[in-house]
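Q: The lines below spell out each chain.
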Amino acid sequence: MYNHYIRTDETGIIVHGFSDAFEQPQDGDILILEDGPRHFHEAFPESLRNERGQFRFRWQDGQIVERSQQELDDEWAQRLPAPPSLAQRLEAAEQALRALMEAVSDV
Amino acid sequence: MPLTPIGPKIESQPLNDNFAALNDDIVNVPHALYRNAIINGGFDVWQRGTTFTATSGYAADRWYYNNGGGSGTVSRQSFPPGQTEVPGNPAYFIRISRTAPAISGNTVLGTNIEDVRTLAGQRVTLSFWARVSSGTKQITTRVQQNFGTGGSSSVEAPGETHTITTTWTRYVHTFDMPSIAGKTIGTNSRVFVRFLEEGLFTAFTLDIWGVQLHVGDVALPFQPRPYALEELLCQRYCQVRGGNSLAETIGVGYVSTTNSATIHIPLPTRGRTTPTIIPIGNIIVSSSGVFEVATSLTVDTLRSSPYWVNMTATIGPDSLELGNVVTLRTQDENSKVILDMEL
Chain G
1 MYNHYIRTDE TGIIVHGFSD AFEQPQDGDI LILEDGPRHF HEAFPESLRN ERGQFRFRWQ
61 DGQIVERSQQ ELDDEWAQRL PAPPSLAQRL EAAEQALRAL MEAVSDV
Chain F
1 MPLTPIGPKI ESQPLNDNFA ALNDDIVNVP HALYRNAIIN GGFDVWQRGT TFTATSGYAA
61 DRWYYNNGGG SGTVSRQSFP PGQTEVPGNP AYFIRISRTA PAISGNTVLG TNIEDVRTLA
121 GQRVTLSFWA RVSSGTKQIT TRVQQNFGTG GSSSVEAPGE THTITTTWTR YVHTFDMPSI
181 AGKTIGTNSR VFVRFLEEGL FTAFTLDIWG VQLHVGDVAL PFQPRPYALE ELLCQRYCQV
241 RGGNSLAETI GVGYVSTTNS ATIHIPLPTR GRTTPTIIPI GNIIVSSSGV FEVATSLTVD
301 TLRSSPYWVN MTATIGPDSL ELGNVVTLRT QDENSKVILD MEL
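Top line first, the protein sequences correspond to chains G and F.
First residue of the first sequence: 1, per the working numbering; consecutive thereafter.
First residue of the second sequence: 1, per the working numbering; consecutive thereafter.
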């Protein structure tokens, strides 16, 4: 039988869950179940991430607590902007070239 | 008109003996190909690799080992073609080389049979071929009924200790598998068949082949299954992608954030459960000219099943373009992904 652990970031958000069938705990990992099944998902069936890839749970007062949708939405809104796509970069280059040509033609 | 016998009188005792033998055959014949409750008892299937040095884990498909605080190697070995010590011209056997002795009792080798109902309440026979490289070694075979999460406490069937010698020999252990009447069966119940080192911990090299467990009090000849069938049975519990060639595709998907991708991996053989992913070596996220080593692979258990895995592959830099197609692949022949669905 296996022990099950979670790992949190500095704010208490659960970023990893595993059983010792697959990896050994590090300092700071939290034991949440002893003598459990082999697979973490058999002990804790919920997915740790949502469809956006955000972590859904935090460790709070000795319990796994689901983060609110508002908290997840706020975090999503604050994410780094995506770098421009190839099409956007091409359009920007074309605009710059057009501006340059117009500037030259004005001389 | 009275009937008159035209032949010799039939003796009833030989008839009874023959009937008993015939009955024994009838009991066993329908199960010939499937009579062995153990999968990969002939050690033909080695999806995870062929040499293992970790302190414990799975080696040949379905076979678990634990060196009990010692160290050593578990490996696949080949029988010389045409050898006659072991019947049936098998290809491989498993070798457990314990170079540093254990410090506690340990499972030298063990396998789980899914469902504690298997063979319950019946007289059964466990048989195997074995040898050691020098001297003798005492190994105990034990079978445990494990009733799973939420089930009754485990029950041990009577064990038997065998003295293994340097000559390939078949060892037999006949016992009564306990009844499960009155028990509560939880999830992931199993029958755990083990070869144990229970005392006098030593260094040793032990070779094992042809492990078989079936109904009856006589060890029937080891019945190999076709390789394709044996591999199929194994793939309910483990599937491996990669490890064979350069840049082998593991799965495909799309960019979900600038540093992660959603990857889909279909399972051609339905697994026992949603797998746990074990990456070995460098796994590459490839998308529109971006090639980055995945820093983590996490199964999305809500959107995965025993026949379809959805997972998130994360990379270090924010270099992926949203919505682009992604291929998850191996870096070289030393990289692979193990989809573990063992009990």
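Do not rely on the hints blindly, as some may be mistaken.
Stated by the list, open to error - Just a few of them, taken from the derived set where beta-carbon distance is under 8 Å, the chain G residues facing chain F:
| hint | residue |
| --- | --- |
| 1 | Y2 |
| 2 | P25 |
| 3 | P45 |
| 4 | S85 |
| 5 | R89 |
| 6 | A93 |
Unchecked claim - Stretch by stretch, here's where chain F covers chain G in the computed footprint (C-beta under 8 Å, at least three residues):
| hint | region |
| --- | --- |
| 7 | 48 to 59 |
| 8 | 64 to 78 |
To be verified - Cβ-Cβ distance ranges computed for the label pairs, FRET-style:
| hint | chain 1 | residue 1 | chain 2 | residue 2 | range |
| --- | --- | --- | --- | --- | --- |
| 9 | G | V65 | F | T295 | 24 to 30 Å |
| 10 | F | R117 | G | A77 | 51 to 57 Å |
| 11 | F | G186 | G | Q88 | 51 to 57 Å |
| 12 | G | A93 | F | T295 | 46 to 52 Å |
Worth flagging that the hints you see were computed from the coordinates, not collected in a lab.
Note that CB positions come from ideal geometry on N, CA and C, so glycine has one too.
Q: Indicate, hint by hint, whether the structure satisfies it.
A: For each hint, the structure was consulted:
| no. | hint | result |
| --- | --- | --- |
| 1 | Y2 | violated (11 Å) |
| 2 | P25 | violated (15 Å) |
| 3 | P45 | holds (6 Å) |
| 4 | S85 | holds (5 Å) |
| 5 | R89 | violated (10 Å) |
| 6 | A93 | violated (16 Å) |
| 7 | 48 to 59 | holds (count 5) |
| 8 | 64 to 78 | violated (count 0) |
| 9 | G:V65 <-> F:T295: 24 to 30 Å | holds (26 Å) |
| 10 | F:R117 <-> G:A77: 51 to 57 Å | holds (53 Å) |
| 11 | F:G186 <-> G:Q88: 51 to 57 Å | holds (55 Å) |
| 12 | G:A93 <-> F:T295: 46 to 52 Å | violated (32 Å) |
Checked against the numbered hints listed earlier, the structure breaks hints 1, 2, 5, 6, 8, 12; every other hint is satisfied.
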